[in-house]
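With the hints as your guide, set chain B onto chain A.
There are 2 protein chains.
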Amino acid sequence: MVKDMKKVYITSPIIPPIDKFNLLVKQMFKSKYLTNMGPIHNELEIKLKDLLKAKNFSLFNNGTIALLCALKTFDFPIGSEIITTPWTFAATPHSIMWNGYVPVFCDIEKDTFCIDSSKIERLITEKTRAILGVHVYGLPCNVLKIEEIAKKNNLKVIYDAAHAFTTEINGRGIGSYGDISMFSFHSTKLFHTIEGGGLIYNDDSLVEKIKGLRNFGIFSEEVIDDIGLNGKMNELQAIVGLLNLKLIDEEKGKRKKLKDFYDKSFSNIKNIHIPKIPSNISYSYQYYPIIVEDKFPCSRDEIYDNLKNKNIFARKYFYPMCADYECYKDLPSSRSENLPVANDIKNRILCLPFYGDLDLITADRIIKIINDNRFY
Amino acid sequence: MVKDMKKVYITSPIIPPIDKFNLLVKQMFKSKYLTNMGPIHNELEIKLKDLLKAKNFSLFNNGTIALLCALKTFDFPIGSEIITTPWTFAATPHSIMWNGYVPVFCDIEKDTFCIDSSKIERLITEKTRAILGVHVYGLPCNVLKIEEIAKKNNLKVIYDAAHAFTTEINGRGIGSYGDISMFSFHSTKLFHTIEGGGLIYNDDSLVEKIKGLRNFGIFSEEVIDDIGLNGKMNELQAIVGLLNLKLIDEEKGKRKKLKDFYDKSFSNIKNIHIPKIPSNISYSYQYYPIIVEDKFPCSRDEIYDNLKNKNIFARKYFYPMCADYECYKDLPSSRSENLPVANDIKNRILCLPFYGDLDLITADRIIKIINDNRFY
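Protein sequence lines, in the order shown, are assigned to chains A and B.
Per our numbering, residue 1 is the first one in the first sequence, and the count goes up by one each step.
Per our numbering, residue 1 is the first one in the second sequence, and the count goes up by one each step.
None of these hints come from the bench; they were simulated from the model.
Don't take every hint at face value.
[Unchecked claim] Below are the PhoX-like pairs computed for lysine-lysine, each with C-alpha atoms no more than 25 angstroms apart in a straight line:
| no. | chain 1 | residue 1 | chain 2 | residue 2 |
| --- | --- | --- | --- | --- |
| 1 | B | 7 | A | 32 |
| 2 | B | 7 | A | 30 |
| 3 | B | 30 | A | 6 |
| 4 | A | 145 | A | 53 |
| 5 | B | 329 | A | 211 |
| 6 | B | 346 | B | 316 |
| 7 | A | 30 | B | 20 |
| 8 | A | 30 | B | 252 |
| 9 | A | 316 | A | 254 |
| 10 | B | 256 | B | 47 |
| 11 | B | 257 | A | 6 |
| 12 | A | 26 | B | 246 |
| 13 | A | 368 | A | 276 |
| 14 | A | 20 | B | 32 |
| 15 | B | 151 | B | 127 |
| 16 | B | 270 | B | 259 |
| 17 | B | 26 | A | 246 |
| 18 | A | 32 | B | 257 |
Same shape as in the complex, but just chain A (with noise of 0.2 angstroms):
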């Protein structure tokens, strides 16, 4: 069918209003002011800061960029051990290698997929220097009980927050919490500065050293003393940024709606198990995760492969998982016995497509490829 051709992919961005986007385009060319730290970087700056409930927040070319700099802001030594969650995308632990330090897998949570904080503290050893939880899928970690392993072990806590835009646990800004939290701008993501990203942090003394880590460690014309890199976005993706802001809460209303729809069509779908958002969460409707259970008469494969013949692509997400890429399976820390629920959920999740122009049609379409029997 024609109908079915058309290539449904797992996101789709949103799109700055054109005219818009060109008479500020005009206005820089003009200026000739094209990058390192210009007025609409400065201005999208403030506006994410105040948007995200942020102390501090500094902007990046983009979130892997921003991790390397949150990690390297405390100048732990070479060979630290970091303990973080082998469910995330390659940029946490490569982050952390990038840096010279060392990932320990730690395993997830059933019900959120984030790092499970019982299983932290079996995990410290002398060398560990710092906890990396990610909020994945925007459900937030388990920040209290690992704010609280922190302090009892001395150790840092970042959060890579990519998945998390506006999310917040009682109306209070989910990168509050921990000393870092790394933002992800890029075009996958509900709001997006094509690639950006960005950091936010409590403490107000870091402020000179996370900029020095963005550029160079150039702290005025004749002092450059710290051994930053480029992590600077330039005026014109804060350009779409700014754009990019005003459309956000349309697009988490659109997403909502789907949420709802996806919902409550799965309510009627034995096995197939959405995950819960607690109800004292604000979510960042970034992701459709669901979990194929045994008993469904499809596996998790078979239902990729069903959508995927249908030119629908949902993503395995993820999948493979971080502790068995080839450069991460021999680490002790990445044994699947030390891994088993990431073990279990790694065959069971696909992240449904999802984004804020996807018609309801398709929504169902999508619904009904997947529990037709035709195909079991």
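Then chain B, alone, in the frame of chain A:
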């Protein structure tokens, strides 16, 4: 004077034609293909490959991230020593450090300001793995001598060619020397993508490795095998690049006229030395450095201040030099007796405003301020 109030900076970026830019952006927004090695990225990559006479070329989001990945390509052990120059931008030694290697500073040549190949071999130890030369101001290193030393000692050769866009030696692209060369497309460069960079390399077997490093080590949907990061240039910046490519011949022509004017003017001023461009070199016209000799009645700093007082912002480039940064000054190779030429030049060099739109009246004013005997 009002005329004196207009600020003149060391450089001013070329700006793509707004109508063509808007048109390409409109198409891109319609396609919703915004990043992740999209069609415009790929077109720019091919065009740059051809222009720079490269065997292989990979675009990056900036030159620093490109250099980080270049240095990671060969997976040298942590603690490896990389022989490099102190006469470069911070990104060069910082990229070594971010890889867990150690920069070993070698002195520079008086005439080219590039690493002094005659002083390299004495710095080689059993930990040395590579030479990282910088074609500073677009003047080439002694590439043949460096190749000879590298072969003899089984070292890799990486070049920071950030200043050397379209520099050629006897018609051969400068990126074809050494194992990998990094180019920068930052707004301060003759050709730019606002922020951007790229790597040129001859060895086809590095293609997959380098592509992996710039994209999280992702080789396919289900294979993530290497510790990469996010080095992706997005489509919006690639559009700027595509359009700017058409402007560089004109820009170089204008800069050549300006250089000729400066050269002729300084030929009448004693004790200001202008570096000679070797006759077999196709020059990049990136910077216009002058050397203030002892016998000149003003010091470099006085000239800088005199210009600044007239709203003309020259640049003490490089001051401080890398070996003097707080983070490098205690390295054994940073001792001033190891770097006599660099330590001499650092107090004498000044890069003058140099860009196509700088009119000759302003250039003449700059010359007159430098040569004005009221100031001494």
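Hints, one by one, checked against the model:
| no. | hint | in the structure |
| --- | --- | --- |
| 1 | B:7 <-> A:32 | 13 angstroms, holds |
| 2 | B:7 <-> A:30 | 15 angstroms, holds |
| 3 | B:30 <-> A:6 | 15 angstroms, holds |
| 4 | A:145 <-> A:53 | 22 angstroms, holds |
| 5 | B:329 <-> A:211 | 22 angstroms, holds |
| 6 | B:346 <-> B:316 | 8 angstroms, holds |
| 7 | A:30 <-> B:20 | 15 angstroms, holds |
| 8 | A:30 <-> B:252 | 21 angstroms, holds |
| 9 | A:316 <-> A:254 | 23 angstroms, holds |
| 10 | B:256 <-> B:47 | 24 angstroms, holds |
| 11 | B:257 <-> A:6 | 55 angstroms, violated |
| 12 | A:26 <-> B:246 | 19 angstroms, holds |
| 13 | A:368 <-> A:276 | 22 angstroms, holds |
| 14 | A:20 <-> B:32 | 17 angstroms, holds |
| 15 | B:151 <-> B:127 | 16 angstroms, holds |
| 16 | B:270 <-> B:259 | 18 angstroms, holds |
| 17 | B:26 <-> A:246 | 19 angstroms, holds |
| 18 | A:32 <-> B:257 | 22 angstroms, holds |
Checked against the numbered hints given earlier, this structure breaks only hint 11.
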